[in-house]
Amino acid sequence: MIHARGLTKTFGPVEAVRGIDLDVSAGEIVGFLGPNGAGKTTTLRMLTTLLRPTSGTATVAGADLFADPAGVRRRIGYVAQGGAFAPFSPVGEELVLQARLYGLTREEARERVTALLAGLDLPGVEERTTVTMSGGQKRRLDIAMGLLHRPELLFLDEPTTGLDPQSRANLWDHVRRLRERDGLTVFLTTHYLEEADALCDRVLIIDHGRIVAGGTPDELKSEHGARTLDDVFLAVTGREPREGAAA
Amino acid sequence: MTALAALTGHYLRASFGNRFSLVFGAIQPFLYLVLFGPLFDRSGVGSWAVLVPGLLVQLGLTSAGMAGFTIVFDQRFGVLERLRVTPVSRVTLLLGRVLRDSVVLLIQAVLIVVAAWALGLRAPLAGVLAALLLITVLSVGMASLSYAAALTMRQELFAPVMSTVVIPLMLLSGALLPMSLAPAWLDVVSRLTPFRYAVEGLRALFAGSYASSALLWGVVVSLVFAIVGVALGTSRFQRENA
Ligand SMILES: Nc1ncnc2c1ncn2[C@@H]1O[C@H](COP(=O)(O)OP(=O)(O)O)[C@@H](O)[C@H]1O
Ligand SMILES: [Mg+2]
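Respectively, the protein sequence lines represent chains A and S. All residue numbers for the first sequence refer to the numbering used here, where the first residue is 1 and numbers rise by one. All residue numbers for the second sequence refer to the numbering used here, where the first residue is 248 and numbers rise by one.
Please note: incorrect hints may appear among the correct ones.
[Unchecked claim] With a cut-off of at most 20 Å between alpha-carbon atoms, the simulated SDA-like pairs for lysine to any residue come out as follows:
id, chain 1, residue 1, chain 2, residue 2
1, A, 138, S, 251
2, A, 138, A, 198
3, A, 221, A, 198
4, A, 138, S, 328
5, A, 138, S, 321
[Claimed, not checked] Derived contacts from chain A toward chain S, CB cut-off under 7 Å, selection only:
id, residue
6, 11
7, 14
8, 50
9, 54
10, 70
11, 74
12, 75
13, 80
14, 82
15, 83
16, 84
17, 86
18, 97
19, 128
Bear in mind the hints are in silico, worked out from the structure with no lab data behind them. Cβ atoms here follow ideal geometry from the backbone N, Cα and C, with glycine treated the same way.
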């Protein structure tokens, strides 16, 4: 589903990503973990065609990132770290617009939005703006936005950061269900390693723009003689997972 | 095409939901029309048919010129990124907005012409209709450049920079007083801005001189301006894309 080789990105003097190889198979949930500023968002933005890599190659959802960015865009969903809704527009209109940009007719778009919102425990919020919603509701809305066109692959950038434990658990349940029901492949970043341990088939740890560890949570723990992923993280990065993280 | 219609419709609904901003975008030319127009009409420099074309260009500068302001918010809230991750072409993402801005400008321009008519403007109908078309073409370029500027400069700079830049552009266009009155140096500087040609082309239309070189130049410059604007705007939407 994702095959990347030697991806790098430099912003002026900053080498944000310094040569990343990635392979994600269809149907996997892969966690992309790393301290703040490690290069997670930059990597996701490259894989979602939003940022041109300085060097490297990648095929994403079967399409070449450079030769066929529109093909990539058709097949992936992306839930950005900062969300996707302006606070002054009814969310239903924004969702319908987005669905139509993927080629749905207005009627199809409306039906799709209604069904998706119901499936994400957000029935009937179409007329509301995000101002009146909780953090967990907003994040599920962002996920709805990313799923409108039934992508094969969903990128989630810190979907639960800032949520309370209960909302986080609820959101992960939704992600699990999407994989089980639709066979969705999920590539996500998070600071909550215990949750990544429970959710992800595989995790990759990135630090200073390089992948410094990767494998199933159990493999990583036994490899480093660690009891938890937090201990693995500390061992390979020398830092606590939530050090310097936005609350 | 569906995407373009969906985008334009979406933005138009948002604009009409906020009538205040529709009126506000035209407030400057309206003030000039009502508070300066009667003076101009009696000054001996020219009649309403000379002033109103200038006010239409002023409208293009202030209304379409500030269009980029809306994208600053979309950028801040992740809306722009979410649009850019769809397969819709970048030029469509730009034109969806620009068409909205042009429709808004056209409505504002009609209101100004109607108000001017009430104040005493007389001009051939065909010329006025053609002038509305020409100012719409100009607004496509202006709005596109405004988005390009908004996507290029730091967010907080956009409003102060743009509202300052349009003032010399408006004065140099000869919108308020014909450049035939200008000293040579000012006339030369004025000829370096595209709006000078637009104003003179519009004045030719209001005067019914459809075969004049002023009109030809006005049309050519406005078209080139629109094409350059859309090209630049699109390249800013494309920026950093894979
Ligand atoms: N647009 C940008 N311009 C300059 N530097 C950037 C930009 N985006 C990210 N960076 C830098 O790249 C590094 C990686 O950032 P990011 O990918 O956002 O990290 P993460 O998502 O892992 O917290 C950081 O040092 C950050 O400051
Ligand atoms: Mg990040």
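Here's how the hints hold up against the structure:
At most 20 Å may separate the alpha-carbon atoms for a hinted pair to count; residue 138(A) and residue 251(S) exceed this at roughly 27 Å. Restraint check for residue 138(A) and residue 198(A): not satisfied, since their Cα atoms lie roughly 23 Å apart, outside the 20 Å limit. Between residue 221(A) and residue 198(A) the CA atoms are separated by roughly 13 Å; this keeps the pair inside 20 Å, and the hint holds. A threshold of 20 Å between alpha carbons decides the hint, and for residue 138(A) with residue 328(S) the separation of about 17 Å falls inside it, so the pair holds.
Restraint check: the Cα-Cα separation between residue 138(A) and residue 321(S) comes to about 17 Å, which is no more than 20 Å; the hinted pair holds. A distance limit of 7 Å between C-beta atoms decides the matter here; for residue 11(A) the minimum to chain S is near 10 Å, and the interface restraint is violated. Evaluation of the residue 14(A) hint against chain S yields a violated restraint, the C-beta minimum of about 15 Å exceeding 7 Å. With a least beta-carbon distance of about 6 Å to chain S, the hint placing residue 50(A) at the interface is held under the 7 Å criterion.
At about 11 Å, the closest approach between the beta carbon of residue 54(A) and any beta carbon in chain S exceeds 7 Å, and the interface hint on this residue is violated. Proximity of residue 70(A) to chain S holds as hinted, the smallest CB-CB distance being about 4 Å (cut-off 7 Å). Checking residue 74(A) against chain S by beta carbon gives a least distance of about 5 Å; that is within 7 Å, so the hint holds. A least Cβ separation of about 9 Å between residue 75(A) and chain S goes past the 7 Å threshold, and the interface hint is therefore violated.
A distance limit of 7 Å between C-beta atoms decides the matter here; for residue 80(A) the minimum to chain S is near 5 Å, and the interface restraint holds. Of the supplied interface hints, the one on residue 82(A) holds, with its beta-carbon coming within about 5 Å of a beta-carbon of chain S, less than 7 Å. Residue-level restraint check for residue 83(A) holds (minimum Cβ-Cβ distance to chain S is 5 Å; threshold 7 Å). Checking residue 84(A) against chain S: minimum C-beta separation of about 4 Å stays under 7 Å; hint holds.
At a threshold of 7 Å, the smallest CB-CB gap from residue 86(A) to chain S is about 4 Å, leaving the interface hint in force. Here the hint on residue 97(A) is kept, as its CB sits about 5 Å from the closest CB of chain S, short of 7 Å. Of the supplied interface hints, the one on residue 128(A) is violated, with its beta-carbon coming no nearer than about 15 Å to a beta-carbon of chain S, more than 7 Å.
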